[in-house]
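Residue numbers (numbering that gives the first Met the number 0), protein chains in the order written: chain A, 0 to 427; chain B, 0 to 544; chain C, 0 to 386.
Please note that the accuracy of each hint is not assured.
As the list claims (entries may be wrong) - Pairwise CB distance ranges (calculated): (1) B/S432 <-> C/A190: 38 to 48 Å; (2) A/G279 <-> B/G248: 40 to 50 Å; (3) B/S432 <-> A/A201: 21 to 31 Å.
In short, the hints are calculated from the structure, not lab data. By construction, the Cβ of each residue, glycine as well, lies at the ideal position given by its N, Cα and C atoms.
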Amino acid sequence: MNNPSISGVCKKSEHFSRRALLKGSLATGAGTAIPNWGGLFHSQSIASMAQKLGKRCILLWMNGGASQIDTFDMKPGKATAGPFREIQTKLPGYKVCEYLPKIAQQVEKLGIIRSMRTTSPDHPDGIYHMHTCYKQSERMPHPELGAMIAKYLGQTDADLPSFVRMGPTGNAGSGYLGPRYEPFGIERNGNMPYFTSPYLPAANESRRNDLLRFMEAEHKKENPADAYESHRVAKERAWRLLKAKSLFDTTKEWPKHQELYGASDFGRGCFLARKLTEAGVPFVEIGQENYDSHADNFVCHKANMQILDPAWSGLLIDLERTGQLQNTLVVWMGEVGRTPQINNRAGRDHFIRGWTIVLAGGGIKGGVVYGSTDADGRDVATNPVSEGDLFATIYTALGVNPRTKHFVGTRPIWATPEGSKPIKDLLL
Amino acid sequence: MPNLNFLRIKLSCLLVLACGTLSLAQVAIKQNKPESTPLRQTIDKAVQESWKKEKIKAEGKCDDSTFLRRVYLDLLGTIPSYDVAKKFLADQDEKKRDKLIERLLNDGQFSTHQTTLWDLTLFGRNPPNQDATRNRTLFKQWLGEKFTKNEPFDLWVRDLILAEQEGSELYYAQFTNKPEDLTESFSRIFLGTQIQCARCHDHPFTELLQKDFYGMTGFFVRLVVMDQGTSGSGEKQLKKFKIGEKNSGEVLFSGNQKELKPGKKGEPIKPKFLSGAPLEEPTLPANYKEPEFKSGTKSMPKPQFSRKEKLAQWATAPSNPFFAKAAVNRIWSQFMGRGIVHPIDNFGTDNKPTLPDLLDNLTEQFIAHQFDTKWLIREIVSSETYQLGSKGENKESLPKHFERARIRPLSAEEILTVMKVAGGDPEQKSEGSTGEYFRRYFGEPTNGLGDFQGSLSEHLFLNNSSNVRAFISRKKGNLADTINLSKEPWEQRIDQMFLSVLTRLPKDSERAKFASYLQSEPKSENLVEEAIWVLMNMSEFRFNH
Amino acid sequence: MKNTAASKSVNFEKATLLWSFTWDADWVSAVSFIGDKHFAAGNNLGEILVWELPEKPETIGEPLSEKSKPADKSERPLYLSPKPVRQMIGHSNIINRLLCAENRWLISASNDHTVKYWDIEAKPSGMAKHVLNARTIEDINRNKNSGRKPPTPLEAEVQTQAATKTIQGREWIIGASLSQDETTLITGDDAGQVVMYDRKTGAEKKRWQVKDWAFAVAISPDLKQSLVSERYPLVFDSGRHTAVKLWDVATSTVQHDLSKEFKDMQIASAAYSRDGKILALGRGGEGEGKIFLIDPSTGKKIRELSPIHQYGVTDLCFHPDGKHLASTGRDTVVRIWNIEDGKMVKELGKPRGGQFKDWFHALSFSPDGTRIAVADMAGYIHLWEFR
């Protein structure tokens, strides 16, 4: 709803604090438990199972909340329709917005959920909720989808981090899974974050690192404790990442792929995601800025969709071409949908009663349009889907048990809330 | 001594407490004179008995190097300089450890370190209300004075609850308009009770009910945070507050969160001390109207009846079964790593103390010594248990039966301090963002279970940042400079490096390796910098052990 | 919008709201006089209606709709509005601009990718019925609890006609403008295409590509220079990807790139003065509605007008007398400015309540300069007279 004091005008300062959260440390507020229990872990068997399947996940994050009624759930002829028109897709009887022509051609790969009914209407809570499937107000350190996937689908000795992200993304971090699964943020052109450029020449680095290895080996003889080992392992991972840094550099290859993905930062990010998943990174997230059109909704969405369309379809085509699509789940979502009602700023406000999220690729039955909203798009008509249901579907598609259990202190916590059901119609 | 399970204290007992009188026959804690056996021996006896019982083989005493570094970090939050280390290791005095402890306890940095520890406990890394809590200089000043004077623990906590002294108000200001959050924080820190589960439903594992949570909140619901103005700007922006208390205002309780329906009204809950009886308080006249609090008000008169004062009395009373025990357990864990009840803020029927008698003992003695924190710390670090070795086959960081010294990661503040000292310039000014980076990369190194996890960003920072390099690279008078300029044989210079950074001498194998490394090129400058970097990047350096 | 005829001298200080024409089918998005006796309005549905203005306004009547009750009684229109007489049928999406040439030809630019010509003198081919306050009635009926009674339906029967000419484009045609002498039509679309036409024949004279979407377009009286503003609104309020350039028409090259001066500003409206010495630029979107007068020969700023419109300018129009400029924006206010000294001489309308105001979408001066018509998103066309 149009609540100007909170989200009506997305001020720059709001963007700043979100960015700070992204870069910053885990949020364990003053009231959170500092748990320390040898809790029960469900993880080992799941991890090995999921790893065997070699599944990957790419999340296209529509920051600000993309409008369902202007993309996949058009309502032509209604007062709420707006100036966008529909175009035919490969699915008979199903039409999408004219500004997604390439995606319309890829609709046989898509599992389109039009009946999302969620409960966090604003940005910080919505972003949190749609990244973790839990409410931010619970004040538990929930991990984002990426961290969970990193844990269960990642290789422990991989050179590359298991959770990579670019652009505006989530705000929850790796939560109770710990810093090992923290997201590794890079720029969409592959530029690395701070502190990835060694200041020593390679030869000096190398001999210095070897000296450290020697010292650690000596130390380990009498000090086998896990904490030290964790430190050593992390250091080796950091070194391996620096060695593999070149994989992130797309300067040479990008010109050849630019036409397919579209000449945009987001498109380039999608291309990099394809490369990274090909190299074994199990989870990559790319954020697109910005769909939060409380004013001038149509021009804003049109501009963003013209970037989204080739990038997303290009990604699907490229994944198919390289044989990766059947093992790579591509998730398209934002934190909220947008109101059917057009406000007096020519905008649409936040809307959580019936909106759209799209899945494609690994484990997903394509060409399925699941659930529906009513004639004006004001509410879900059939098959409401909660955040937990969505995550259960995603986890199931990737071979991870949606009821995977961890402990925070003495409190058990599951990957999805009780009652979450994967959507069978969308799963292969 | 009877085993205290305070959640089963009789209702009558608590009613008596609530009225402020004590009946020795009913209250289980004795108000004795201090015992004649030094506490350190009591500790060791209890721990050693448990090893016998569990058939555990414990480590022997740690060597001097280990002790020196460990106790410096735990008491001062820093490591000894090369000179201090050298001197201590050469000292033949049998009583040198005790004397060192005494020196450190009287060092100005001791109270600074305690202040830092408690400040972090009370605020955490990301306290709410950032505008107010970002700059806590006044609060730390207030708290620092308490530790410098060695103010009894119960007295400074009481002052914190009353929040009438300048600087102390910030703790409450964190939770402006959020009495539930304040309740969680307070109960967790000072009563060892994690009651946030009971915020939404009856606690699944303890006997705490939702009404108990909201009963505690009743003490805080009338508090008002009054902004006294802001000075300075940006990073230095300082906000001041005063805490007022209304005459009326109740917590409304509306039942299990899951069953909440819109429009359901809550019923007011009387304040009560956890599972005890409700507070007796005079009733307000029926037509009492609370004067409207206008935002911007800077002061208000004291209420006719102050729940806050009642809380301050009850919370810090020796007879409060939660308070002294939680305090002792927490202070114990600062040095021993693992609390006798662990997690330290989660006492409950399902989380029993590993050494219940010892815990009782510590509690009673702490009370008998008038909550003298310094005394308690002295006893703990003087015990053999604290001075156990840190090597061995046990892979846990916090061995359950204290059979080996604990391993804990240094805090971000400690790492920053220690790098400066190790680098040879303890007063080195670091560029503005350095503190922030250290906090960001080293500040939260544990997962949801509290286990240490090395993170990628931490190592990238160590590997490549100029911030870290600044502490190592050669500057006039620092370690790298001294090593480079020294005419001593390399073996001795290597000893100096190890003592400066790791507070120990190298093993023969290490010395030999370094000697060959440092002479592998005609010019030693780069090699020396690299070697110091290696020592600072070791896992040995990262932890206190 | 512009007219070669000399205008009567006009006293802006005395302005009366003669009529508020109700038409609430959707936002009224464009308006243009066709001669002094007619005006046309377009809306977001692509509908265009034409009204004929009576010689003598009828006597006072009550405001016709309850939809927006102006607090200030002086804002109520003086007269009962005549009903529309004609509908131009053909467009299927938002009418972005309405222009008029020779007091006869109505030219419309739309989101349906076309520009259409309509001849007011053509014979109508059919009839259509409209209920001009249908939405208001619907809203009131839907909210039965409000206790408001629905007003009597305002029925109108109009003659309909088709377009004389359709020029097909590829994208939303947002910017459209006529030269001072009405010989040249210039349009700009969301494919970044700027096209100049011979207005009479509709034949394309010149076309060039700009980098982003063309937003406001204008052509100088001497036909040698063109202003094109660009936008690519990836974020609704930050004005990312904007440009403002003065182009040499003959060579389709940039004469002056003013983008740095107007950094982050989406220039929504541009108009050359009659003598070509001043170019008025209005900043649109939700930022501050600033208006700049620049010297088109150098691109330098002459002055900035004050007070600014809240939340962005939607339209600018020079008065036939050549000395005054009218502006309107997303604050339901019209301002008349003296361009010589930059002072405001009159303000019409009032901002409506709430943090975000309604918009006046477009405005048009009558050829004789005595009247101004304003398109109101709330479903009206307001017409003031200056005497």
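CB-CB spacing for A/A201 and B/S432 relative to the 21 to 31 Å hint: holds (27 Å)
C/A190 and B/S432 - C-beta distance against the hinted 38 to 48 Å: Holds: the Cβ-Cβ distance is about 46 Å, inside 38 to 48 Å.
Verdict for A/G279, B/G248 (Cβ pair) under range 40 to 50 Å: violated (58 Å)
Hint 2 from the earlier list is the only one contradicted by this structure; the remaining hints agree with it.
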